[in-house]
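Q: Sequence:
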Amino acid sequence: MAEMAHAASPLTPGYFNKQFNQLIRTTYPHWWGNWNLSSSIKVGAIGIIDATTGTFRYSGVDIDDPEIESIPLNKSLVLTKGHVQQSGLNLGAELDAVEASGNAQMTWAFAKRGSMVAQWALQAQQVMRNPVDTLHREMNTLKSVAHNNNMLVDNGIIQGFGVITSVIMADAGLSLGSELNNSEFQISGSAELLKGLTGQGSVSAGYYQTHVSGQVVSFIWPSDLTDVVEAVPIAFTFSSIDGERVIPNWLKPISFFEIKVKALFEFQTAM
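Under my numbering, the sequence shown has 101 at position 108, and the numbering climbs by one with no breaks.
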C-alpha cells in the first residue's frame, strides 16, 4: 500500500522576522529587523516588542518632537541564511549582455524551506539625540501609554515596553524567504532598476515583474515605482523601560540584580 504524502508543517509564526533579527545582528549587534517593512518603525514610536520574534507592536503614540540626527550610510547590506543560489544580474558576463537591451533578470533558488536572503541599499541611520534624557522627560506619557497597553504594574513599566530610538533607512532592496523546499523567486525588468534594488547602483524609476515557483514570502521596495523614491525602515534600535529605568539597546529581559552582583564580584576579585 502506498504511503500518503504529507505537506510540510508550517513555519512558526514570526519565523522570518526572528531569523532576520539574527542576521541583522551579525553586522549591527543591537538592532531589531523590520522584515515586513512596517511604516510604524520610526524614531520616537512608542510600543511593545515581542523578544521571541522581534515583532514591534506600535501603540499609536509617539514621543513629541524628538531631536533626530541623520547619519549617511551609503552602503549595501547583504544577508543570507540556508541554501540559496543567486543567478543573473550580479554576474559580470551577463551584465554586459543585458545593458544593451536595458532589461535584466535575477533568480534566487531556495533548496530548503526556511532559507532566506535580504539585499538592501542603505541610505542613512536616523538617531534620537540624548535618548535616555528624552525618555526620562517623557516618563509620565510613557506610563500613561503603558497603562493603556497593560504594561504598567505597581512598581512601574514592564520590560519590553519602550521607544524606538534609531532607525536604519534603505533606498531600495528586497527580502525573500522560502516556505517550501525547492522554491524559486524570479524578478525581471529594467536593468538599472534591478541593480538599484540589489544595491549595485542608484535607484531610478522603472518597471519589474516577479514570478514564483513553490512558495516564497517577498518584500520589495520600492513597491510602487514613481519618479520620487522615498526611503523605507528596515531595522531599528529600541530603548525599554524597567520601572522608571531606561535601558538603551534593549534586546531581551534582564535582571538588574544579576548585573549588580556580577559587578560586585568582579570588584572584589580585583582587590
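Watch out, some of these pointers could steer you wrong.
Said to hold, decoys possible - Computed list of lysine-lysine pairs in DSSO-like fashion (alpha-carbon distance at most 27 Å, straight line):
#1 K136 to K74
#2 K105 to K35
#3 K35 to K11
#4 K136 to K68
#5 K136 to K35
#6 K105 to K74
#7 K74 to K245
#8 K136 to K105
#9 K11 to K245
#10 K11 to K105
#11 K35 to K245
To be verified - Label-pair ranges, simulated between beta-carbon atoms:
#12 D57 to P3: 36 to 44 Å
#13 E177 to S63: 16 to 24 Å
#14 D58 to A104: 21 to 29 Å
Please keep in mind that the hints were generated in silico from the structure rather than gathered at the bench. All of these numbers come straight from a predicted model, not from anything done at the bench. No residue lacks a Cβ here, since even glycine has one placed at the ideal position from N, Cα and C.
Q: For each hint, tell me whether it holds in the structure or not.
A: Hints, verified against the model:
1. K136 to K74: Violated, at about 39 Å.
2. K105 to K35: violated, 34 Å
3. K35 to K11: Given that 27 Å is the threshold and the Cα spacing comes to 19 Å, the pair holds.
4. K136 to K68: violated, 38 Å
5. K136 to K35: holds, 20 Å
6. K105 to K74: Roughly 10 Å between the alpha carbons, so the hint for K105 and K74 holds.
7. K74 to K245: holds, 23 Å
8. K136 to K105: violated, 45 Å
9. K11 to K245: Holds, because 13 Å separates the two Cα atoms, which is no more than 27 Å.
10. K11 to K105: holds, 17 Å
11. K35 to K245: holds, 20 Å
12. D57 to P3: 36 to 44 Å: Given about 42 Å between the Cβ atoms, the range holds.
13. E177 to S63: 16 to 24 Å: Cβ of E177 to Cβ of S63: about 38 Å, so the range 16 to 24 Å is violated.
14. D58 to A104: 21 to 29 Å: violated, 49 Å
Hint compliance for this structure: hints 1, 2, 4, 8, 13, 14 are broken, all remaining hints hold.
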